[in-house]
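J.: If you want the building blocks of each chain, they are given just below.
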Amino acid sequence: MVAMNMIQALRSAMDVMLERDPDVLVFGEDVGFFGGVFRCTEGLQQKYGKRRVFDSPIAEAGIIATAVGMGAYGLRPVVEIQFADYIYPATDQLISEAARLRYRSGGEFTAPLTVRSPYGGGIFGGQTHSQSPEAIFTHVAGLKTVIPSTPYDAKGLLIAAIEDDDPVIFFEPKRIYNGPFDGHHDRPVTPWAKHPASEVPEGYYRIDLGKAAIVRPGDAVTLLAYGTMVHVALAAAEEAGVDAEVIDLRTLNPLDIETIVASVRKTGRCVIVHEATRTGGFGGELSALVQEHCFHHLEAPIARVTGWDTPYPHAFEWEYFPGPKRVAEALRQAMEA
Amino acid sequence: MALKRRTKPATGAAKTPSVEQLLKYYREMLQIRRFEEKAGQMYGMGLIGGFCHLYIGQEAVVVGMQNALSLGDSVITSYRDHGHMLACGMDPKGVMAELTGRSGGYSRGKGGSMHMFSKAEHFYGGHGIVGAQMPLGTGLAFANRYRGTDRVSVTYCGDGAINQGQVYESFNMAALWKLPVIYVIENNKYGMGTSVQRASASTDLFERGAAYGIPGSQIDGMDVLATHAAAEEAVAHARAGKGPVILEMMTYRYRGHSMSDPAKYRTKEEVAKMRTEHDPIDLVRKRLIDGGLANEDALKAIDKEVKDLVTAAAEFAQESPEPDPSEVWTDVLLEA
Ligand SMILES: Cc1ncc(C[n+]2csc(CCOP(=O)(O)OP(=O)(O)O)c2C)c(N)n1
Ligand SMILES: [Mg+2]
Chain A
1 MVAMNMIQAL RSAMDVMLER DPDVLVFGED VGFFGGVFRC TEGLQQKYGK
51 RRVFDSPIAE AGIIATAVGM GAYGLRPVVE IQFADYIYPA TDQLISEAAR
101 LRYRSGGEFT APLTVRSPYG GGIFGGQTHS QSPEAIFTHV AGLKTVIPST
151 PYDAKGLLIA AIEDDDPVIF FEPKRIYNGP FDGHHDRPVT PWAKHPASEV
201 PEGYYRIDLG KAAIVRPGDA VTLLAYGTMV HVALAAAEEA GVDAEVIDLR
251 TLNPLDIETI VASVRKTGRC VIVHEATRTG GFGGELSALV QEHCFHHLEA
301 PIARVTGWDT PYPHAFEWEY FPGPKRVAEA LRQAMEA
Chain B
1001 MALKRRTKPA TGAAKTPSVE QLLKYYREML QIRRFEEKAG QMYGMGLIGG
1051 FCHLYIGQEA VVVGMQNALS LGDSVITSYR DHGHMLACGM DPKGVMAELT
1101 GRSGGYSRGK GGSMHMFSKA EHFYGGHGIV GAQMPLGTGL AFANRYRGTD
1151 RVSVTYCGDG AINQGQVYES FNMAALWKLP VIYVIENNKY GMGTSVQRAS
1201 ASTDLFERGA AYGIPGSQID GMDVLATHAA AEEAVAHARA GKGPVILEMM
1251 TYRYRGHSMS DPAKYRTKEE VAKMRTEHDP IDLVRKRLID GGLANEDALK
1301 AIDKEVKDLV TAAAEFAQES PEPDPSEVWT DVLLEA
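These protein sequence lines are chains A and B, in that order.
Sequential numbering from 1 applies to the first sequence in my numbering.
Sequential numbering from 1001 applies to the second sequence in my numbering.
Careful: at least some of the hints might be erroneous.
To be verified - Here are the in silico distance ranges between beta carbons for each label pair: (1) H185/A with D1282/B: 35 to 45 Å; (2) A288/A with L1334/B: 28 to 38 Å; (3) Y103/A with K1273/B: 20 to 30 Å; (4) L1071/B with G49/A: 50 to 60 Å; (5) E1296/B with D92/A: 56 to 66 Å.
If you're looking for bench data, these hints aren't it; they were derived computationally from the structure.
It should be emphasised that the depicted structure is a prediction, and the values quoted were computed from it without experimental measurement.
For each residue, glycine too, the CB sits at the ideal point set by N, CA and C.
Based on the provided sequences and hints, a complete structural model is requested.
T.: Next up, the structure:
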């Protein structure tokens, strides 16, 4: 075990997989020579050569589409879309090609690509460097969506994503690349080194997709979160003085519905948190599922704490970002209902 | 017009500029330079947050272009947009206040460095998504023609953006429909940390429209006389209804890609060489002084004038009130 931040853990996952499987390739904008804008691929080109780790032109549709072709042939491309906000030019290829190749070929072909992409807000990125577009992809049958919240999970989940035979969207909450961020933007940044989940094995291990983690057991209310919001949720539970059970979903599709249902049946209350805009967000799906499975156990309306239904603003980062205050308020309300 | 590689203005197009014109170029380029230096400083002091891309080094491109335009011609560009806005005549105060996210900013704090607009100055925005402005600029050109004006659309992009697929969709439409658009490729040799050679199969970007029959030429983008001469020729072509033109401006950005740039992709010597040997402002200054067209005092007066303007912009940007948080909700759609 060594202490890693999330960037190092992700790099280590790619390193392990490049080493193990000659069909794994890593490419994207600035990932080769430059080592990635967030340094996630630093050193990989030196180690594995330009044949396997290389720069692409700025052409998201082309990056993802060529990866679909490579994948159909049998390779395992791991591509980086520099920010999740830039994935849209490639959505046609992701939705119409990657997600449907298996179905329309009757299972003969698949697109086993992994799309890594830094995601989420909290870094003053404004509308083109802050978005959380996961619900666009969870809406599409044939894609998997993964969002880690710690270095340990990031590595194990990325390895599982690369090994997965289907296309996986792997969103990396960039605000927690260097340390867990609980939403208190006015406090000094804590590095990962102080967090137990920064202990990461150097070699191969995987965390199966579709398994949530209970990161704080509790009896009073179930708090569903993923990515950066897991840390915000934990802080909010402490600050509200509510014995919340905080569940880190880790993968949205496939979703670990059993863990969610077991928890809500126990607590009778449920608060859902995400950074993405509210309408049509993944919280709506979670809310529907909880209602369908736990209706008779619910003692309060299911609550959602989310980003606002607006573009991500430049000047109002902390009004937009659903911080611990807003989450704590929702917890209190859920308890009073 | 045809495909032309050249680094000096084409003969004939290069009229000898008047002293007034040279002084105007000098003032306009210097204003962009000083504005950007100030923005860099303010960023360092934490007064500006988020992403901020400085234009220092590339001033001759926009100043040469803009001086060939007439009232009503539209301009659209990427996120490296401060220089374009100032050249278009937008108020430095409003630009700086947008950087600081204040209510006095052009987008009232909603856009930030990369996203500002001005109907009055026909500036259709900075755009954060690489390449996205290319088809938009093509649409502006279409609209100009549709309305029966002789206005042209100047549509800027970088050497990195030129590899986006939508650029070629735009080129085809512009040529097919003979639209009055001038595509200006600002080739500053790098897209973020990746050099043109590492990203482009053919590095002669002015040839990228050849398949659609779009004339293109390569210009010394550090020499405002060259950029201006090329601009005049291109604007005349587009205005006359002869269709699109591509200008590849060979330029250089002195600073990092944005404010956080590990600068590991080029050498300090490379940057220093461009700064000392090819600086666009020094070049005009030298023309003025060596040609006996202006004395040091005259230039000093301009320096002071520019400095005051930028200082006033910086003050305004710090004094302008924060926008009201209720503004998060406005302008998403026309209010219901
Ligand atoms: C669609 C999209 N992909 C990637 C990015 C990230 N990005 C921002 S600027 C940039 C480099 C662009 O280089 P170039 O077009 O040469 O313009 P320059 O920055 O040199 O002015 C990249 C990759 C983006 N903003 N949008
Ligand atoms: Mg460039």
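J.: Please flag the earlier hints that this structure goes against, numbers listed from lowest up.
T.: Violated hint: only 3; rest satisfied.
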